[in-house]
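Chemist: Join the two chains, each given in its own frame, into one complex according to the hints.
Protein chains in written order, with my numbering: chain V, 11 to 85; chain A, 392 to 1018.
Source of the hints: derived by calculation from the structure; they are not laboratory data. Mixed in with the good hints, there may be bad ones.
[Claimed, not checked] No farther apart than 25 Å at their CA atoms in a straight line, the calculated lysine to any residue pairs in the SDA-like style are these:
#1 K881(A) / E871(A)
#2 K803(A) / R685(A)
#3 K856(A) / G73(V)
#4 K622(A) / V669(A)
#5 K22(V) / M621(A)
#6 K21(V) / E661(A)
#7 K971(A) / E62(V)
#8 K667(A) / L58(V)
#9 K27(V) / K599(A)
#10 K856(A) / E45(V)
#11 K674(A) / N25(V)
#12 K803(A) / D779(A)
#13 K667(A) / E77(V)
#14 K702(A) / N782(A)
#15 K599(A) / F419(A)
#16 K520(A) / D416(A)
#17 K21(V) / T857(A)
#18 K856(A) / I50(V)
#19 K22(V) / K599(A)
#20 K21(V) / L673(A)
#21 K971(A) / D74(V)
#22 K674(A) / L617(A)
#23 K675(A) / D28(V)
#24 K22(V) / K970(A)
#25 K21(V) / R676(A)
#26 K39(V) / F859(A)
#27 K21(V) / E666(A)
#28 K22(V) / C682(A)
#29 K667(A) / N25(V)
#30 K675(A) / S618(A)
#31 K856(A) / E38(V)
#32 K22(V) / E1016(A)
#33 K15(V) / E661(A)
#34 K22(V) / K675(A)
#35 K15(V) / D658(A)
#36 K975(A) / D74(V)
#37 K970(A) / N60(V)
#38 K975(A) / A64(V)
#39 K702(A) / F489(A)
Treat the numbers as computed from the prediction; the structure is a model and nothing was measured.
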Amino acid sequence: MITIKFFSTLKKYNNDKDTLIIDIKNAEKIKDILELFTFIPGELGVILLNSELAIEDTRLKDGDLIELFPIFGGG
Amino acid sequence: MNYGFLGKIIRINLSDKSINIEKPDEIFYRTYMGGKGFIAHYLLKEVKANIDPLGEENKLIIAAGILTGLPVAGVPRFAVGAKSPLTGGYGQSEAGGFWGPELKKAGYDGIIIEGKSSIPVYIYINDDKIEIRSAKVIWGMETGDSQEAIFRELKDKSVKVLQIGPAGENLVKYACILNGLKHANGRNGLGAVMGSKGLRAVVVKGTKKIPFHDNERISKIGKSFLSYYMKNPLTRGLYEYGTVAGIMSNNAGGILPTRNFNDGEFDNAENISAEKMVDTILKKRVGCYACAVRCKRKVEVQTKDIKVEGKYGGPEYETVASFGSLCGNDNLEIIAKANELCNRLGMDTISAGMTVAFAMECFENGILNEDDFDGTNFSYGNQEAILDMINRIAKREGIGNILAEGSEAAAKIIGKGCGEFVLCVKGQELAMHEPRGKVGVGIGYAVCETGADHMVIGHDTLFGKTGFTLDSVKPFGILEPVDTVDLSWKKIRIFVYLQRWWSFFNMAGICNFVPVPRGAMPVSDVVELVKAATGWETSLWELMTAGERAINMARLFNLREGFTSDDDTLPDRLFGGLKKGRLKGNYILREDFKEAISTYYSMMGWDEKGVPTKGKLLELNISPEYF
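Excised from the complex, chain A in its bound form (with noise of 0.2 Å):
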């Protein structure tokens, strides 16, 4: 009897329309445990070098988690990877919502999927019965109409429904993948890897129990966690105000990226805050399966020119960062319509915003003009231009057409010294968070395996001075505060335990903003639900070392693919200072970063070039078939 996970994947190959069930036995569970853990060993595996991200031998992988299901707070999420069309290496994203749990009521802990299908299709999976389903009908629709288009085909309301839009159809290398039209597999390209295999949507219904080995003890926890996570300033700032307080926060402290990551202060910030979404387009606070810290908004907007309907959600802070301060933008309308573009047409809005960012910093400098807008200024600050330039990337339409490559790719179009606004590590664009005041943030968009990513560790704030954020991850021996700009190795050992801990979140489907240190959840109890869920006697050791065997298992598929020690980096402008805010003229000093990565890969245990060493690779029970 399996506990936690069901012991089936599914393999589905779309050129040959071949479904076959896979049963991996439980010490493949103990060692990859599910996300990060099941993608990188089937693409180190199975998928060839250099191959085209695009074509046929791409392999697409979901794979839920080993707690995923569980009925407790913050484990609804699963992972979606592919050789990424956007860096050319490891490609993964993960998502919330209720398509996960929904995957393993079915019976299944994951989805290979390979080949290309030559006509637009679906995958059904109700139970035990597996189909695909022609897709032309849905294909060329927006999210919103094709999911009710499948409601209708399939006479069933209550199916989960994973799907691209059409920036996926049209290959935008930053589309992303949808579940409930507004929890996204929002980076690396995801959506357009989908798009590629001619592959629509995954439609999924269960409606089995997931077993778990003590549902007592899951319970107990659970209860637990419900009398005190609104005790806790962090998880009760999530409910209250949602991700979206990060605005005012980060903008008094300097570190909210403006215009371009010129600046780390935006004048009008209180336009685009969280105080102001609640006093405003706020209809409701929302979450994923089985949480009660719901720290996602439904948001709507009716005014004479803009409309924007609740079912796609709401901005949540990155989102109002990247189409406001990033775009000079402080109109949270104009915001929430970018959002709800964004959700119809299945695009990231990181890098979308990021890349209209990019293209405003162009036009400012006189490298793109009026004509290539279709005469429209596109100036910091232009809001009708940012919504009207969401839906011509998506149908790559005019100039639209070369920023859905990405700013990286397009930069290397436009040419004319225009490189040195792009904000990317890997060739994808940053999320919203200024290494500038946070070194620790730096550091993991310079070593993620996906390129510039902000859900590697937590933050450096969090660990900053006492309290009880510090006092939560004392369990790793973690014991003093390190300064949030503070590169020596304090910081590096700092980020190495915690990148553990959040790549096995990744593995797990657990959501950040559920254990310590960003939510509530001790240490103890998040090892005793691996327990309780699974039967095993498992260890804080155990799953840590499952993080970091993910962790190197990725590493090595981008070492495969050519990447080297020169793209653990970042973008040339954080070397310089910043240009307004409180931390004016705050840099990063290039030496001490290079100091600050090559201490990190001596503590993970690799070589001066960042390789792992084979003795690492054997510890972490990585055998040389991987490498």
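Isolated chain V (complex conformation) (with noise of 0.2 Å):
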């Protein structure tokens, strides 16, 4: 089981809600995941991995907790 939690406008990608749990076999890296999903290049800004920063190519294990969050620039 992997635990995804979406931020602000990534939401979208989830019904608009922040947690989706999901028992998927064949991950094994966390771009194996968000291949599920439709985001636009460019989109997502950091990545956690059990609330440590990672990339798309960081491995996964069962229980992982993903936390996405989109781009910033500046406010």
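Modeler: The following block contains the structure:
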């Protein structure tokens, strides 16, 4: 089981909900999970895996928490 | 026939009460365009070196842009400039809202305000009628009350009021200028310059139509923007969550300024997040003239202890961070109240929050104690103390009188080694962006003519990897991603190109939340808008060059005031490691930073001391009379 948390505008990829828990067998890396969604290239900013900074190639294991934040460029 | 600009600038002398209209030619407008271009021109040409920023000789320049008032999203802006009392250098700050377009509808592109009135006054511009009126009744009032009093006196609620508050009257060095009670020319203490002149407000009513060359083309570009801006993640995000969305994104990345830039992560960030705001105090998404993005917030709070009125708007990202994580405060209602107080009293929320955080660090380290705060514990996170201190600063009461000078000047008065807690460049407090995770922002802080400012370029995160934001800047020849902490020449190259683009925004009256890379409108449409508005057969090259010209002119002003390359640096804290967060330990290597600044100078055509070469100045059509 992998838990995915979506922040602000990214919630639209999860029916406007914060959290999605998925049971996925073949996901080795974060990018395998990201491919399940239709993110616009460049839309994702920070990715956290179990509260640590991660990249798309970071490996997954059962029980992981992925947190996805949109790109932010100054406000 | 002029298009885009009106061809008229008002000159008002408050000492002798003279009012004149000047009519610069088209070459003037095509060279300086507005905003920063006008300000740099008039300050360099008319303000003598080394004057007192709060004296009679300083001039306050209010300048709309060449596109201000265009009926499309993102062009409501105007700039105010003067010699800054906070930095002692080139002073300038932009604002959105509705005041800039109103000035152009009244028939003017800008106002030069000279001298000093012996009694409090306000200026009233009603199309062709311009008056200097007594402000005796409104002097001392909070902004909301004074705006109501002006409406009553003029028997017209539709006038647009640009004003200072009590903080500006009291010459607080980071007093701001507000229009519509919530749109601020926040930075550089220009409200104090206005206050020093005895000028409480500039009220405008305009009923004319701004002439544009090709209204059909403008309408087409405007409608096109409406068809795609909600598909762009950045502009959609600005509408849905406002700039406050940056709290959680920056916190996740370890770059949310926390406890006076000691940390990059705040434990309770979710309590001050955009999501929290949407779920609790948000009443409405609001925006500026003709803009569909509506990035601004109207919030209201009605609890037993805190009441926040919606007419003062709502806190944006900068304010949520400066009175939130920076001060160790996780109460969004207190932040909303701090924002309201700053708008009632007329103070820049960034410098005010930074100065409060500085005082908190002094307290935590025993440099200031409870006696200095009338028995109050002024540790990080003391929510009531934050609100109390905002009032004290604006009214210059107790230690508020020292903190009203700005954190750098306050540290010199307080002494005891507290200078290490000051996070300023050229005397101005850093904005809420962490250079140890976005080094390009650090270059911007260091070289910006107004001191530490976050509005110099698009931030590093926009170009750190491939995707739609990088694609959007390919017309500049920026083709490959450069890491957010890369300080090499590749980053500087992006910086110098986009600094010119941003500088042009200022001169045109454009908000950076609409065009790429921070917004959605492509480069080609921005150039087309200038063509359609003015009728000029212009190009990206000409617009970028205009931006570069203004950067160089502002640089000349600062050099004349005695600034040197030694001032193009960062506070010491940023050359040390972040103490907490996901980037814990990250620091900027001092030598790398010096090398980056040196590379910047050379790319700008400046010598090793940061002085523009004669050839560069002449190439930019800056004639020898300016240097």
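Chemist: Starting from the hint list further up, note which numbers the structure goes against and sort them upward.
Modeler: 2, 3, 9, 19, 24, 32
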